[in-house]
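*Asks:* Chain by chain, the residues:
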Amino acid sequence: MKEVIKRVAADPLGLMGLCLVTFMVLSAILASLIAPYNPIALNIMDRLQGPSWSHLLGTDQLGRDLFSRVLYGGQVALKVALVSTGVSITIGTVLGMIAGFGPRWFDGIIMLFFDTIRSFPTVMFALATVALVGPSLSTVIIVIIVTQIPTYGRVVRTQTLTIKSSEFIKAEIVMGASTFRILFVHILPNVVGPLLILASMDIPTVIALEAGLSFLGMGVKPPTPSWGSILNDGYTLIRNTPWPIIAGSIPLVLVTLGFTFLGESLRDQLDPKLRKSL
Amino acid sequence: MSTVLEIENLRVRFRIQSSLMAMLNKNKDPYIDAVRQVSFKIEEGQTFTLVGESGSGKSTLAYAVAGLLPVADGSIMFNGDDVTKMNHKDLMDYRKQVSMMWQNPVGSLSPRMSVGGLITEAYKIHGLKDRDRKMEASRLLEMVGLPKHFSERYPHQLSGGQARRVGVARALALSPKLIIADEPTAGLDVSIQGEILNLLNKLQDDLGVSMFVITHNLNVVRHISDRTAIMYLGRFAEQGSTDDIFANPRHPYTLALLSANPEPDPEVIIKDRIELKGEVPSLMNRPSGCEFHTRCPFAAKDCDTVFPPIETVGEAHHLTCHYPRELKGLGSSDGVFHDEYADQIN
Amino acid sequence: MSKVPTAGNILTIRDLSIEYTTDRGVLKAMRNVNLDIPKGSIVGVVGESGCGKSTLISSIIGLLASNASVSNGSIEFEKQDLLKLSQDDMRIIRGARLSIVFQDPMSTLNPVLSIGRQMTDIQYRDKKTTSEKRQRSIDMLTSVGIPDPESRLNQYPHEFSGGMQQRISIAMALQAEPSLLIADEPTTALDATLEVQIIHLLKELQSKMNCSILFISHHLGVIAELCDYVVVMYAGEVVEQGTTKDVFKNPTHPYTAKLLECDPASIAKKTRSLPTIPGEIPDLVSLPPGCVYKNRCDKAMEVCDSKTPSWTEFKGGHFVRCHLVEEV
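Chains as they are written, first to last, in my numbering: chain A, 37 to 314; chain B, 14 to 359; chain C, 3 to 330.
These aren't lab readings, by the way, just hints derived from the structure by calculation. C-beta: ideal position from N, C-alpha, C; glycine also. Each hint can be trusted.
Output of the computed footprint for chain B on chain A, the stretches with three or more beta carbons under 8 Å from beta carbons of chain B:
1) 195-204
2) 207-213
3) 221-229
Rough simulated footprint, nothing fancy, chain A against chain B, three-plus residues with beta-carbon under 8 Å:
4) 79-91
5) 105-114
6) 122-133
Given the sequences, and given the hints that come with them, work out the whole structure.
*Replies:* In structure tokens form, the structure reads like this:
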């Protein structure tokens, strides 16, 4: 694992990705230390100002400092990204492994489940969930988790199917290894590689999803800052000033670029090695 | 000498069509027999070798004995118990006493586990917590002639020969009574093939373990095997002590295999080489009568209509053939099928 | 330098050295290789893993990896140095003057095209009508022993057995009547009885077409039966070359002698302790000075540690690279 990180850092693309991601994560975590203003503090006198030395990204319609709001918004994004990716990977992996390794009929059921989820347009699914549970960050996270499970599940299932017929798995069966052992000691470590790549490419999608849902008013409730809500506010003000939209877009662009570079570099580093070591 | 393994009339089938397709195609029996009517015994401390070409069913038979495949008919008796009817507990016990060495030396080792972990994994699986895994790993590595530090290596860091030895070490972990070896010399350079074979022989002499070897390499058979069976289309064409099979091969297929084995001597002219016509028939279209008749250069009356019964032609030497051959003066005690008139050099 | 007259050769390799650039350093995959293929003959190449066979083949057909570089030497074929030709020029030669059959027939055959389609496609150089090309394909399939070729032209590779696929690969390789056919372990993946059929087939076709064959294999028995000449390779060098009779009956290089000893087919008496060659080939990145075989040689002398032996003609047409011979 450490070797992989070293190789990624040696690759210029990977290094850029690592730096961007680290920068965004740190700025979110240290928001309370870095942010010059309270993100929900109103200051109507200074509303709709452009960028200046006192307000790096300007202010929104209620005079709130956009830079501080963006920094705190990063916390929301981070929470959503980590929690939803973590949970969906776990559930997806378990289901994928069981689908790949278990009896055919079980595989059929799980695939049906995955395909059903995937056939739902995300926005519709979100609307339905909001109607049931009410708009909040938790709603957003639940929606994202459910829609992401098939993404990881399918990859794990395919990998499991491939590995299932390998000679080393036959060897384990003949030695008497239990199904649990085979799944978690022998199959899981060999499917993790592609998952990492997938996750890092997926995180920007997840964050954008949160932004989109919040933009539609289904996510975080005001006045909590989230990149999506900043974009939402900026959208209504687009004729007055472009700065709120720009302020909300910048972090999304940076985080997308960062994770995408990281993911691509990881894939380049893991793929040929994967072939060699498998 | 006691019998370790006794196989009686074994049949292993594979389904080739789903029930729906079978119904639609009016196929009452949507199965193929990969192994049919196979019977043999393996004694303690002996090596029994199964020789066959691709499609002969030899790997299927090995997997069935290893408990990887269900059996449609017949029995596999180990220590008085039928493996095909064992419950989970007895099967786990069986797995402690019968281990396997695989054809693909590196591919049969779990890629993310260290060598030490791999060869002692059996202890973990069978709950033998009192064993010191590190010590056992060193002991096993020493037994197969590998240095102790190999314990920390990973499968992709091993050469073919080294990986094979690790496979042997793993098979020995629980001191089994029987080791199944699937093509132990496949992929090995000629100059190191001997190393593995010598190792297996030595271990057998030291530990008294029985071996069930599967191979298509006749040259290897002669040096490690006590009894040999020749397999064709899932059946035993001929079976007997290795010395007998090489000195007095009776079945035309055996003769063909032996004569297809060129010696590295350009002056030897194989005068009576038996060249088989055509190719191995598909298991879905088994020939009538004697299944070998479509390729047999000596096929005669009855061969295409009547299936030959199992005949005994020598001491524990069985075969299925209507017209068993006699090698008049051409068989030789050195076990190599060649013509004695050597000096016809170009 | 070899003293074999090259006029009668279809392929002459002189002093060929090829290196690969790897992250561990420069890997000297082939060093000062000499190889002669006389016209109309079958030359066998024997060697184990790491001997340089793959590099040799790649260099002849002009498909060396991107990290390979030729540091020295020439490959003369039909009055041209193949190493000096551009990829475009090589493309004209490949498949027409020079062709190759691989160990795995599915390396040659495209699984999604029918056999007939593939066999007519490769005749793109000929100005013939489609039906003429089809007929030629049928004739080739007949000559390699495929029963009922006309009806099988529309079938796909997977509908044929392994042995038949290999026959089809051979048919495709010989279709354009090349001067040289390279066969890279063509029978290694086949059963013994099929191997015999293929060897028989190659012998027949070779004498009919009078092409030359470069036959790579580690199966000594097959080489003894099929080949007129044999070349023994070890760790990137040719250590011995001569007629099959000379090399097998009178193996001069200790490696050749040991290799023949180790082949289980040559061991007359049944034994529980087979001979082997202890040790491993040296690291080709950090090659120690002297003879490359010295660390495994049972006849190694002091001079072997410091000096690389030269290519010596020990007897007419029988060459060896060993100090034992030089001493004489």
